[in-house]
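Visitor: The chain contents come next:
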Amino acid sequence: MKPRPRDDRPWWAWLAPVVVGIALTGFWEWIVAVREIPPYIVPAPSVIGATFVKDHVLLFASLWVTLKIALVALVAAVVIGLALAFVFVQNRAIEMSLLPYAILLQVTPIVAIAPLIIIWVDDTPTALVICATIVALFPMVANTTVGLKSVDRGLLDLFRLYGANRWQVLMSLRVPSAAPYFFAGLRVSAGLALIGAVVAEFVAGTGGSQSGLAYQILQAGLQLNIPRMFAALILIAGAGIALFAAVSVLGWLTLHRWHESAR
Amino acid sequence: MPAPLPDPTAIATAAVSVRGLDHVHPNGTHALTGIDLVVAPGEFVTLIGPSGCGKSTLLRLIAGLDRPTAGMLERHAVERSAFVFQQPTLMPWARVAANVALPLTLAGRQADDAAAKVRDALKQVGLEDFEQAFPRELSGGMQMRASIARALVTEPDLLLMDEPFGALDEITRDRLDRELLALWQARRFTALFVTHSLHEAVYLSNRVVVMSPRPGRIAAELRIDEPYPRAQDFRVSERFVRWCKDLSGMMIEAGAA
Numbered sequence: 001m002k003p004r005p006r007d008d009r010p011w012w013a014w015l016a017p018v019v020v021g022i023a024l025t026g027f028w029e030w031i032v033a034v035r036e037i038p039p040y041i042v043p044a045p046s047v048i049g050a051t052f053v054k055d056h057v058l059l060f061a062s063l064w065v066t067l068k069i070a071l072v073a074l075v076a077a078v079v080i081g082l083a084l085a086f087v088f089v090q091n092r093a094i095e096m097s098l099l100p101y102a103i104l105l106q107v108t109p110i111v112a113i114a115p116l117i118i119i120w121v122d123d124t125p126t127a128l129v130i131c132a133t134i135v136a137l138f139p140m141v142a143n144t145t146v147g148l149k150s151v152d153r154g155l156l157d158l159f160r161l162y163g164a165n166r167w168q169v170l171m172s173l174r175v176p177s178a179a180p181y182f183f184a185g186l187r188v189s190a191g192l193a194l195i196g197a198v199v200a201e202f203v204a205g206t207g208g209s210q211s212g213l214a215y216q217i218l219q220a221g222l223q224l225n226i227p228r229m230f231a232a233l234i235l236i237a238g239a240g241i242a243l244f245a246a247v248s249v250l251g252w253l254t255l256h257r258w259h260e261s262a263r
Numbered sequence: 001m002p003a004p005l006p007d008p009t010a011i012a013t014a015a016v017s018v019r020g021l022d023h024v025h026p027n028g029t030h031a032l033t034g035i036d037l038v039v040a041p042g043e044f045v046t047l048i049g050p051s052g053c054g055k056s057t058l059l060r061l062i063a064g065l066d067r068p069t070a071g072m073l074e075r076h077a078v079e080r081s082a083f084v085f086q087q088p089t090l091m092p093w094a095r096v097a098a099n100v101a102l103p104l105t106l107a108g109r110q111a112d113d114a115a116a117k118v119r120d121a122l123k124q125v126g127l128e129d130f131e132q133a134f135p136r137e138l139s140g141g142m143q144m145r146a147s148i149a150r151a152l153v154t155e156p157d158l159l160l161m162d163e164p165f166g167a168l169d170e171i172t173r174d175r176l177d178r179e180l181l182a183l184w185q186a187r188r189f190t191a192l193f194v195t196h197s198l199h200e201a202v203y204l205s206n207r208v209v210v211m212s213p214r215p216g217r218i219a220a221e222l223r224i225d226e227p228y229p230r231a232q233d234f235r236v237s238e239r240f241v242r243w244c245k246d247l248s249g250m251m252i253e254a255g256a257a
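Protein chains in written order, with the numbering used here: chain E, 1 to 263; chain Y, 1 to 257.
Hints in this document: simulated from the structure, not taken from any laboratory.
Quick reminder that beta carbons are idealized off the backbone N, C-alpha and C, glycines included.
Keep in mind that the hints are not guaranteed to be accurate.
[As the list claims (entries may be wrong)] Calculated lysine to any residue pairs in the SDA-like style (CA-CA distance at most 20 Å, straight line): (1) E:149 with Y:92; (2) Y:117 with Y:129; (3) E:149 with E:260; (4) Y:117 with Y:95; (5) Y:245 with Y:223; (6) E:54 with E:220; (7) E:149 with Y:91; (8) E:149 with Y:94; (9) Y:245 with Y:220.
[Stated by the list, open to error] Residues from chain Y shown here face chain E by an in silico Cβ test under 7 Å; the list is partial: (10) 65; (11) 83; (12) 85; (13) 87; (14) 89; (15) 92; (16) 93; (17) 103; (18) 106; (19) 134.
One chain only, chain E, in its complex shape (with noise of 0.2 Å):
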């Protein structure tokens, strides 16, 4: 009776990718070791690693301080856009009186605004924040506002019909529709609040125990200790992607039973 997606992807689909990586790793050492490179130029993936044991506890601090503002600026985007989504729909006039400026927001260059909130706002951490959830506040805003609106007229009319109110329609219909647009623009903010840390946390400097993955980064390239430039730059990716598979998980979970976007 369920249909369950039949999963055509042959045994070694896993595999293809990790070998392609381990290859290219051991390419990388080899030139490296052969044409006799110089670690402040490109450093071989075991000088990286070696550096990754020796620097782990300063790296993995500076982590810390990255995600945190990522994660506090992504849960700040979600709460704010999905209220504009929300107050959008219910209003046609202050969505028309809005939107520009959210568009405005958005297109312009988070770099160009940042140094404006560093200055304006006393507490670093505070400003990083802020302008991580600029750039990740606009997905939320417009793919939730799409998905809100994007009701089935049949639907609409049945809950008319039985007489609902604006707020069952809200709840019991709206929200339900919006779910897989919402999940959508949650996986591409996700990035983009880690991106918006990472940029204001280049254009703030900011050293001491606060300093961030982008401040290491900065300092290790003035030192010119490129393997812990790569370490960090290594650590960033995989925060992005552990980030992006998180929230996709939490959309497979949610929609993978009714909707074809998480079969």
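Here the structure of chain E is known, so what remains is to put chain Y in place on it, guided by the hints.
Guide: Below, chain Y without anything else, positioned relative to chain E:
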């Protein structure tokens, strides 16, 4: 057993009465003009006509989904009406039971009371084993059955159906026609049915109302004087063919075919 038919001209006892109704769509299309229609309680009336003759519009007006531009439209002794669309129009995120329960949930009914009614409605359409299924796990015919169960769950005294089986294959459509007729005989709600299938109209109805387009109006009426229950034999009988011929002739004369 012949169906007891009240006199359809007796407006005082009518379930639905429409007088001089006109409707113009917001885009300026003159959808309906001079509609007079009286439907008796417990009657099965079918509206037939080509696309654009305003039959769906008339049904929506009677349902109260739109307001007529001019004319009188009254529903008497109709406490609960239900609508079945051409599409199953189920909520894809909700299980069959929750979909069928929707009219009760929206009215704020108690959950345990609703659950019994839902089970009963699903049983009537033969879907009692699919309470926990999601709509996409059902076939087109089963989805339509769920849609009918949702309409029946409120125990309506007026059931409005807008080409409910139009998107289904002929075999499924015939079976659902039979089941619908059995339900109507058991429950005796007033039924207003829209179709463009001549055979469906003859098989189901007490009375067929022929509509013609531009602007939509009632061109003719045919009373199908046949006893219920109408068995499968009736659909291949000579009498059935004669009714279809009569109806077809009326539709051609009305410029509706």
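Visitor: Would you pick out the hints that fail for this structure and give their numbers low to high?
Guide: none
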